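Listed here are the chains, written in short residue letters.
There are 2 protein chains.
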Amino acid sequence: MPNGAQALMQTLADAGIEVCFTNPGTSEMHFVAALDDEPRMRAVLALFEGVATGAADGYARMADKPAASLLHLGCGLGNGLANLHNARKGKVPVVNIVGDHATYHQPLDAQLQSDIETVARNVSPNFVRSSRRTEDLCRDAVDAIAAAVGPPGQVATLILPADVSWGEGGQPASPPTAPDPESADEKAVNAVAEAIRSGGKTALLLGGRALREGALREAARIAAHSGVKIFSEVFPTRLERGAGRPPVERIAYLAELATLQLSAYDHLVLVDAKEPVSFFAYPGKPSELVPDSCKVHTLCDPAQDSKASLERLATALGADQAEPELQQAGRPDRPRGRLSAEKVCKAVGHLLPERAIIVDEANTSGLMLPVMTAGAPAHDLLTLTGGAIGQSLPNAIGAAIACPDRPVLALVGDGSAMYTNQALWTMARENLDITVVVLANAAYSILNVELERVGARDRGGEKARAQLDLTGPKLDFARMAQGMGVHAVRADTAEDFCQAMEYAFGQPGPHLIEAVIPESLNRTKRRVLPWLLRSLPHMPKSMARALKRKLAP
Amino acid sequence: MPNGAQALMQTLADAGIEVCFTNPGTSEMHFVAALDDEPRMRAVLALFEGVATGAADGYARMADKPAASLLHLGCGLGNGLANLHNARKGKVPVVNIVGDHATYHQPLDAQLQSDIETVARNVSPNFVRSSRRTEDLCRDAVDAIAAAVGPPGQVATLILPADVSWGEGGQPASPPTAPDPESADEKAVNAVAEAIRSGGKTALLLGGRALREGALREAARIAAHSGVKIFSEVFPTRLERGAGRPPVERIAYLAELATLQLSAYDHLVLVDAKEPVSFFAYPGKPSELVPDSCKVHTLCDPAQDSKASLERLATALGADQAEPELQQAGRPDRPRGRLSAEKVCKAVGHLLPERAIIVDEANTSGLMLPVMTAGAPAHDLLTLTGGAIGQSLPNAIGAAIACPDRPVLALVGDGSAMYTNQALWTMARENLDITVVVLANAAYSILNVELERVGARDRGGEKARAQLDLTGPKLDFARMAQGMGVHAVRADTAEDFCQAMEYAFGQPGPHLIEAVIPESLNRTKRRVLPWLLRSLPHMPKSMARALKRKLAP
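For the protein sequence lines, the chains are A and B, in the order given.
First residue of the first sequence: 5, per this note's numbering; consecutive thereafter.
First residue of the second sequence: 5, per this note's numbering; consecutive thereafter.
Since the hints were made in silico from the structure, they are not lab data.
Please note: incorrect hints may appear among the correct ones.
Identical copies go unnamed one by one, so any copy, or any two together, can satisfy a pair.
[What the hints assert, rightly or not] EDC-like mimics (lysine to aspartate or glutamate), calculated; alpha carbons at most 20 Å apart, straight line:
| no. | residue 1 | residue 2 |
| --- | --- | --- |
| 1 | Lys-289 | Glu-329 |
| 2 | Lys-278 | Glu-253 |
| 3 | Lys-233 | Asp-324 |
All values reported here derive from a predicted model rather than from experimental measurement.
Between the sequences and the hints, there should be enough to build the whole structure, so can you do that?
In structure tokens:
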């Protein structure tokens with residue numbers, strides 16, 4: 005009869021969980037040993053827990069099924085929390101296994117003893133369970149898997165005491181049966197259809213799984229037929245876009261711009277999305293972005309099937325035979341001259357390979373990315389769903405493992421890249437086809453913008469500015485990456501950058517390109533604004549003028 | 005009238021809090037701006053929250069007063085949790101400030117919204133408070149400071165919503181008055197004195213602040229007079245040791261050895277220490293290390309004054325005029341030949357500068373360190389109090405900032421160094437006098453030992469072993485450090501290593517030395533054991549023989 009860990013391993017594999025992203029310690033040694041009993045399970049070691057959890061997030065976004073993470077007690081969970089948060093906010097399924105001391109050891113308050121459950125509740129508000137007996141472990145695991153899968157997906161935390169793991173008498177359990185999600189009910193469909201037919205200006209706000217190609221096509225049919233606008237939530241979990249797919253405009257990160265995007269509409273229809281609110285609060289500015297005059301409708305929620313719901317809506321509107329508008333293929337020219345953030349985005353658009361997965365955490369430097377890649381070959385875009393930086397490098401690992409035949413491109417700011425830089429080692433160890441572009445402007449640029457937006461710039465002086473400044477010393481990401489076994493170069497011209505991209509896309513294994521860009525870029529509102537305006541190509545000219553008036557100094 | 009952040013800054017400074025270790029985000033921008041209003045406050049930027057919290061821990065261990073940490077919402081707190089855990093377990097005061105969304109923004113469930121308090125309870129079980137009004141903020145802060153200072157010291161978490169920070173009408177508050185800790189009461193003193201006089205073999209187990217020189221001298225007087233043994237807890241918060249100070253034997257990390265250390269005693273007296281338990285549980289082995297036949301007494305607890313308590317005990321025993329045994333000065337010879345973990349420890353003993361602070365997270369590689377540095381010039385030793393790895397580099401930052409005139413030496417295993425490698429950048433930025441030695445054996449060596457100790461080695465195969473193996477690719481720490489602006493070299497001979505140490509100690513600013521040591525070192529019990537035995541020089545020969553019999557294959 006297997007021990008607890010062996011039975012658990014079999015139960016996970018039976019449920020289709022094939023990858024475990026790990027950073028184990030002593031209390032997880034029997035789980036680790038059981039890896040060799042289960043050929044279906046691949047274990048991917050990370051040197052920091054945030055890498056493991058971020059990889060589990062990226063994996064599930066692309067595989068559409070959960071991976072397991074394996075963490076070491078409360079401190080390991082703490083280290084992995086930020087990327088579990090991103091998974092939670094993105095409604096991504098993760099079976100989060102946290103090793104614990106043996107049950108009888110816990111009352112002794114040894115060095116690593118802490119309250120794991122209280123930490124886990126932050127990311128797993130609906131499912132935290134500490135398994136107490138070996139014979140119950142696999143049933144607990146099946147409950148965790150069922151909770152993780154949903155729909156909607158979520159982070160389910162299973163706490164695994166060492167003696168439950170090593171105890172004899174493990175009993176493998178059958179996989180849970182996932183319920184088929186329902187589509188929107190007739191009442192919701194009719195209410196939305198009526199709003200659209202009423203003639204008021206209407207926008208659909210798509211989020212979650214409604215940003216996959218199938219649902220997008222249904223939304224685009226409705227748009228073509230009824231003239232509604234299609235928006236994407238600001239930070240999509242996974243957006244399928246590019247040539248041949250319906251284009252969709254993302255809600256802007258900056259509340260000032262998002263308000264303008266939404267200002268023209270009488271009806272906003274939520275499709276697996278929540279009502280947009282500003283990312284942060286700002287003194288004297290509203291946090292809610294939808295104007296009072298706009299009526300908000302919900303077509304379907306994250307537990308429902310958004311594609312089927314949109315199909316029903318299309319049918320109700322007579323739009324089911326309409327031809328959706330699809331993005332024309334087209335790439336920007338090859339950039340030349342001194343490198344800038346805009347040229348990096350341009351080069352990405354110029355060179356993006358077929359079937360790429362882009363993980364975008366480029367923050368201020370990536371503002372031009374949506375425009376520059378709009379007509380690039382069809383690709384997936386994974387973004388910072390929960391706002392917890394340090395997501396992109398780990399996400400890229402998971403995406404590359406889920407889709408070994410697809411190239412992965414991670415775009416990341418220098419500040420963000422530091423949080424989980426250990427991901428580079430795992431990329432090298434697993435020889436993953438990932439190209440990492442670090443946009444190095446030697447600043448927390450976004451905070452330079454934010455310092456002003458919250459009205460604190462005039463109050464702060466040298467000490468405040470120093471908190472946002474990453475010079476002295478400047479980070480050398482190429483060298484750091486080389487130290488972790490990843491081929492890496494620096495580029496400060498567009499020519500060098502394009503050449504490095506071509507090399508990286510052409511050669512197997514991971515590559516890092518440090519794109520050295522001027523730090524002055526986002527230093528002031530004056531400089532940021534033109535960028536922002538250009539990044540919203542669908543914005544009417546009158547709105548752009550209003551925006552300029554509103555935000556100009 | 006100041007805003008909330010400005011009043012808070014003044015209140016912190018008035019209470020003697022002079023350093024804030026930060027990794028801020030948008031919600032902390034007014035706090036950041038207020039730095040320029042308070043010349044007494046030094047802000048030290050970290051590129052990862054675990055660096056900020058570990059630095060706050062190291063600072064308070066050396067400064068004997070808290071620093072503040074500044075973290076960004078629940079995710080930032082998660083990233084900082086492991087090193088706050090170490091501070092909690094070490095009873096180290098930290099005023100942990102966690103920025104939050106504006107109070108009115110919280111119900112909107114924006115991207116970064118999460119339950120901060122539930123995470124904070126893990127490290128701040130006794131004090132978590134979310135300040136709700138600007139005019140109450142400074143009183144809340146004073147309560148947090150009072151809770152942090154104790155005694156005993158603890159992590160007090162103050163959650164700071166953005167609007168409480170930016171709101172006008174901040175009211176600075178007066179510092180808390182710290183109560184003088186009491187010493188042990190007469191009953192406890194007499195009970196312990198009676199046990200010692202009874203003739204049964206007695207050991208004092210010192211922990212916490214009882215490991216400072218003053219308390220140690222009192223304990224050593226008692227030892228000299230009454231023949232009691234003096235032990236230190238296994239992972240001291242701060243142990244004052246070296247030539248001219250009373251020697252003290254640390255309880256071993258391995259439960260098998262600790263049991264043997266404690267087996268001879270009829271009485272164990274706790275002095276600001278808890279009853280020792282094994283670090284982890286092991287199948288079939290007891291977690292409690294004190295034999296049933298040994299009676300446990302408590303002289304004083306962490307809230308009490310251990311030095312005064314020991315003085316009272318010495319007086320009760322008539323030992324107050326006894327001459328304490330003090331460690332003779334003496335250094336090992338300069339090591340030669342191919343580098344090994346033992347030679348690294350030997351070189352440290354040979355070269356340790358005067359008044360050094362050693363932060364020891366060398367794990368398996370550092371087993372010989374206590375022996376090799378026993379007679380080195382008087383120094384402080386900071387250790388991994390909570391077992392959450394990634395402590396040493398951040399701790400070293402805090403220690404160096406608390407004691408700018410003292411050299412800091414951080415010893416760290418390669419596995420551990422990765423968790424908070426971002427600390428290197430802060431060392432360079434602040435030009436701190438820190439020498440980092442990374443003991444690089446390209447393995448989670450301790451887990452190779454633990455895999456066997458938990459009885460899982462025979463079950464595991466290639467996949468399990470791969471989880472403990474850090475080759476493929478091997479990490480190049482010198483290159484990584486150079487990428488973060490720290491002068492760094494690799495050494496694989498004792499000669500090169502000594503030369504690099506001499507250079508590092510002689511030149512200002514941070515230096516990293518990657519000590520390349522054979523990874524075979526700890527691969528098997530057979531190889532580990534002789535090391536362990538030699539690492540306990542005070543062990544009687546009969547006990548060593550018994551140990552060999554017990555643990556030999």
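Numbers of unmet hints, in rising order
1
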